[in-house]
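*Asks:* The residues making up each chain are set out below.
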Amino acid sequence: MRKTTGVVLLIALLVMGTMSQVAFAAKEISIFISMPEYADAIRELINEYKKVKPDVVIHYETTQSDYPTLLKVKLNSGDLPDIFASTTGKEIELYKEYSLDLSDQPLANAMEKAVRDSMADANGNGVYGLAIKGNYFGMVYNKGLFEELGVKVPETFAELETAIEQFNAAGITPFSSGFGEWWVFKHAFQHFLAAATDNVPGLVQQFEQGQAKFKDYPELYENWFRFVDLVYANGDAKPLESTISTEIAALALGQAAMVVGQGPWIEADVKAIDPEIKIGIAGYPVSDNAAQAQVIAGADQAMRISNSSDAEQEVLDFINWWYTSDYGETWFIDVAKVVSPIVTDRMADFDLVRDGAMQVSERGSAPIGIIYSTDSFHMSFGEIMQAYLGGQLTKDEACAQIEQKWMEIDGQ
Amino acid sequence: MMTRKQKTRLKWILAEFFAIALAAFYIYPIFLMVNNSLKPFREVIMDVIALPSRLAVENYVNVVERMNYGALFMNNVIITVVGLLGIIVFSSIAAYTINRTRNRYTRIAHFLIITPMLIPFQTFMITLLKTMNVFGLAGSLVGLGIQYWGFGVPMATFIYANFIQTVPREIDESAFIDGASTLQTFAHVIFPILKPITTTVIVLNVMWIWNDFLLPLLMVNSTERTRTLVLSAYTFVGQFNTQWHYAMTAMVLAVAPSVIFFVLLQKHIVKGVIAGAVKG
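If you're matching them up, the sequences are chains A and Z in order. The opening position of the first sequence corresponds to residue 26 in the working numbering, with each subsequent residue numbered one higher. The opening position of the second sequence corresponds to residue 2 in the working numbering, with each subsequent residue numbered one higher.
Hints may contain errors.
Unchecked claim - Quick list of in silico lysine-lysine cross-link-like pairs, DSSO-like style, CA-CA up to 30 angstroms:
id, chain 1, residue 1, chain 2, residue 2
1, A, K362, A, K296
2, A, K97, Z, K131
3, A, K138, A, K420
4, A, K52, Z, K131
5, A, K168, A, K296
6, Z, K268, A, K115
7, A, K296, A, K78
8, A, K121, Z, K131
9, A, K52, A, K238
If you're looking for bench data, these hints aren't it; they were derived computationally from the structure.
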């Protein structure tokens, strides 16, 4: 008897203990974003902000797995964090009714134009988020190998075929494909989209409404498939099992000359394997026009500011400080080591960041296309491309399925 | 010609061979996890299957520090212990009452307790978080432990109820004759008899609560103070890149306590499950 009463009492105590834990501090900012790879850097940022505003408490939460699901659960249960994340472009519109327009904030002026453009709504207005990083997309290659064998970095299909021949002759696998990852396809495909039209968002919208067809765009129907076929035939032994890790290892060990669908985010890992390696980034050859081989610059991820926050001014102060203070500038470059999303003369000390910036200033940047479609669509897109490469679908079947999915998933 | 004895022997050898092959098949992924936790990043990426060229113990040192292992370990302990206490107390008493008092109400109660096992978690995730926010149970370790009562009680009651059926009523009656109340009978006579089944319930729930991902992600991921081991292990998985050597190490460190616990108690669990299954 006494034992049971004891247990019941204990439970009652525990319950009361929990209830009393619910405390309300005056100035709390909650951050819930994806990309845990920047967790350490963000903690440093928060610690630094404590020196500026000691009375503001920042709760930082991050996860990559299940992020969209969790965000929707929080949103629907009335628990929307003050700062949350989405992709840019299409998802800017999706969460627009919950997020603040930051156009009139000082940070908007500090933002790189390419980044700011990807934070606009469907009509091209407003700044509905800020980026944790800018990014470059393109074909990452082993500069040392290209120089050693005297191969020209290919800008057209003809040059690509020559390069492939030269590498094959030298016993080096031309490509590591990463075709086992669904997102590798979207990263590469956007370069072909940019070649196909001057108005990428417009074309994507036409696809969503079923008005555009692959057949009408040779850059997509011919060139895109020709490119993946070439990579497939001249790539890893098992291309559909090739992942980002395969690509990193192959590139770093000098086994493959080029990797598909990657960008500056692989540099640290590549250098961890071979600190001496020289790597570069270039636009993909997308046609017979060398000028179209361009690197893509832009931000694919946005941090959004809730418009129902209790601590709106505190949040705005924090993000303005992040984007406009001296520490902020240092943070992007030296702490997070990313492509800076703010205007600055300084640059993170990475080959791919420097090379990307140089490419963009010399040859211009192609528009970032991945942001106009949702990742749900992109996953389907990747699976269809894998089925095509695996021989389960013909080219026409693959095109038909992509057109179909574009309407079904993103079309409403 | 093989004698009968030899034939039986051969059958056993075949069966054992098959069992060992099957065990190896299941253990292989775990072996890979441990194996890669002992390799530097370079080796993980170059060949997942290969054995480490040297043991990268520094992975463990780094991860223990970066995860803040000691503190998170205690978080897991709090959640698991609170969860277990409630599950055992409520489900054993419930099962006892349901079994010994048979009327329309206990039948309905039994039905209502057991059916939630069939409802998938995802369907009520949103309402759960909303409710827990109101009660102040979200964002707290003890609060999360209490939530496990609701998730654990159905299964545990089911197991207890099956077992209690096999406990003769005469035992209760003799206690009553000696002047014990119902609660006293339960606490001093019945509950001790339930020991093997209690062990089973403990082991099953520890394995699950300790390693759970989605519910803690929803409830306690928001501060460093309340995060669990498994959640922390996931911070090594990024948007594109994953620090595999650290992720694997963190996973080994997160899961190891529950595995050790299981190994220590497994002979009881086997006894318990059989007791419930056959006699029930």
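*Asks:* All hints are to be evaluated individually against the structure, with a verdict given for each.
*Replies:* We went through each hint and held it up to the structure:
1. A:K362 <-> A:K296: Given pair K362 of chain A, K296 of chain A holds - Cα atoms ~14 angstroms apart, limit 30 angstroms.
2. A:K97 <-> Z:K131: Roughly 12 angstroms between the alpha carbons, so the hint for K97 of chain A and K131 of chain Z holds.
3. A:K138 <-> A:K420: 37 angstroms, violated
4. A:K52 <-> Z:K131: Cα-Cα ~22 angstroms, so holds.
5. A:K168 <-> A:K296: 13 angstroms, holds
6. Z:K268 <-> A:K115: Violated, because 56 angstroms separates the two Cα atoms, which is more than 30 angstroms.
7. A:K296 <-> A:K78: 37 angstroms, violated
8. A:K121 <-> Z:K131: Distance of about 23 angstroms is within 30 angstroms: holds.
9. A:K52 <-> A:K238: 53 angstroms, violated
Of the hints listed earlier, those the structure fails to meet are numbers 3, 6, 7, 9, in rising order.
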